[in-house]
Amino acid sequence: GDSVTQMEGPVTLSEEAFLTINCTYTATGYPSLFWYVQYPGEGLQLLLKATKADDKGSNKGFEATYRKETTSFHLEKGSVQVSDSAVYFCALKQNNDMRFGAGTRLTVKP
Amino acid sequence: NAGVMQNPRHLVRRRGQEARLRCSPVKGHSHVYWYRQLPEEGLKFMVYLQKENIIDESGMPKERFSAEFPKEGPSILRIQQVVRGDSAAYFCASSPGGQNSNQPQHFGDGTRLSIL
Numbered sequence: 001g002d003s004v005t006q007m008e009g010p011v012t013l014s015e016e017a018f019l020t021i022n023c024t025y026t027a028t029g030y031p032s033l034f035w036y037v038q039y040p041g042e043g044l045q046l047l048l049k050a051t052k053a054d055d056k057g058s059n060k061g062f063e064a065t066y067r068k069e070t071t072s073f074h075l076e077k078g079s080v081q082v083s084d085s086a087v088y089f090c091a092l093k094q095n096n097d098m099r100f101g102a103g104t105r106l107t108v109k110p
Numbered sequence: 111n112a113g114v115m116q117n118p119r120h121l122v123r124r125r126g127q128e129a130r131l132r133c134s135p136v137k138g139h140s141h142v143y144w145y146r147q148l149p150e151e152g153l154k155f156m157v158y159l160q161k162e163n164i165i166d167e168s169g170m171p172k173e174r175f176s177a178e179f180p181k182e183g184p185s186i187l188r189i190q191q192v193v194r195g196d197s198a199a200y201f202c203a204s205s206p207g208g209q210n211s212n213q214p215q216h217f218g219d220g221t222r223l224s225i226l
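Chains as they are written, first to last, in my numbering: chain A, 1 to 110; chain B, 111 to 226.
Within a straight-line C-alpha distance of at most 20 Å, the following computed SDA-like cross-link-like pairs (lysine to any residue) qualify:
#1 B/Lys137 x A/Leu46
#2 B/Lys154 x A/Gln45
#3 B/Lys154 x A/Thr26
#4 B/Lys154 x A/Gly9
#5 B/Lys154 x A/Val37
#6 B/Lys154 x A/Arg99
#7 B/Lys161 x A/Asn95
#8 A/Lys52 x B/Gln213
#9 B/Lys154 x A/Gly41
#10 B/Lys154 x A/Thr24
#11 B/Lys161 x A/Asn96
#12 B/Lys154 x A/Asn96
#13 B/Lys154 x A/Glu42
Partner residues aside, some chain A positions facing chain B, computed with beta carbon under 7 Å:
#14 Glu42
#15 Leu44
#16 Ala102
Please keep in mind that the hints were generated in silico from the structure rather than gathered at the bench. Where is the CB? At the ideal position from N, CA and C, for every residue including glycine.
Kindly generate the complete structure, drawing on both the sequences and the hints.
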């Protein structure tokens with residue numbers, strides 16, 4: 001069945017560092033791809049999405065490009081802030097079936 | 111527009127009691143999903159419901175757990191005879207469904223269940 005594999009954490013970066021969190025997927029058909037962010041004590045919030053190959057989702061300085069040839073949807077940010085510290089989940093959805101990665105905890109230090 | 115509303119935010123029960131968790135989806139959303147999250151872990155899918163129907167309950171324990179999404183009112187996740195291992199955060203998500211089957215899920219802030 002469909003599945004998502006994302007980079008294991010935790011990831012610790014200094015403020016203004018470049019961030020990459022890898023995500024690859026396995027799916028038949030053409031799923032939509034998402035990144036969610038979870039801050040402490042809260043639910044998941046949709047960060048960005050892409051619905052077809054070569055689409056780039058972006059929000060709050062984060063970007064991810066839907067790469068069908070490499071079945072990847074890596075999350076990037078050019079300069080992280082302390083406030084970006086959270087857990088990030090990669091996910092795919094197809095025909096109402098949602099699959100999440102295990103989550104990657106990011107800690108940004110001042 | 112209100113997002114997904116879950117209540118209560120925190121619920122404390124003693125072993126053997128029943129826990130009822132409520133979820134009101136985004137207005138107009140007909141699909142509801144329940145997940146469980148243990149501390150420092152990812153989301154574990156439990157059950158997927160549409161109005162008055164359980165579509166997929168493959169992630170829900172066969173005993174003590176049940177879920178419903180009635181025609182009127184919120185979705186309910188019910189845990190009978192709770193045990194310490196049921197302590198977790200339970201999240202509800204909703205999505206439009208139908209022609210929008212690849213649209214993202216919208217999450218509530220969760221119910222944190224603690225078993226004494």
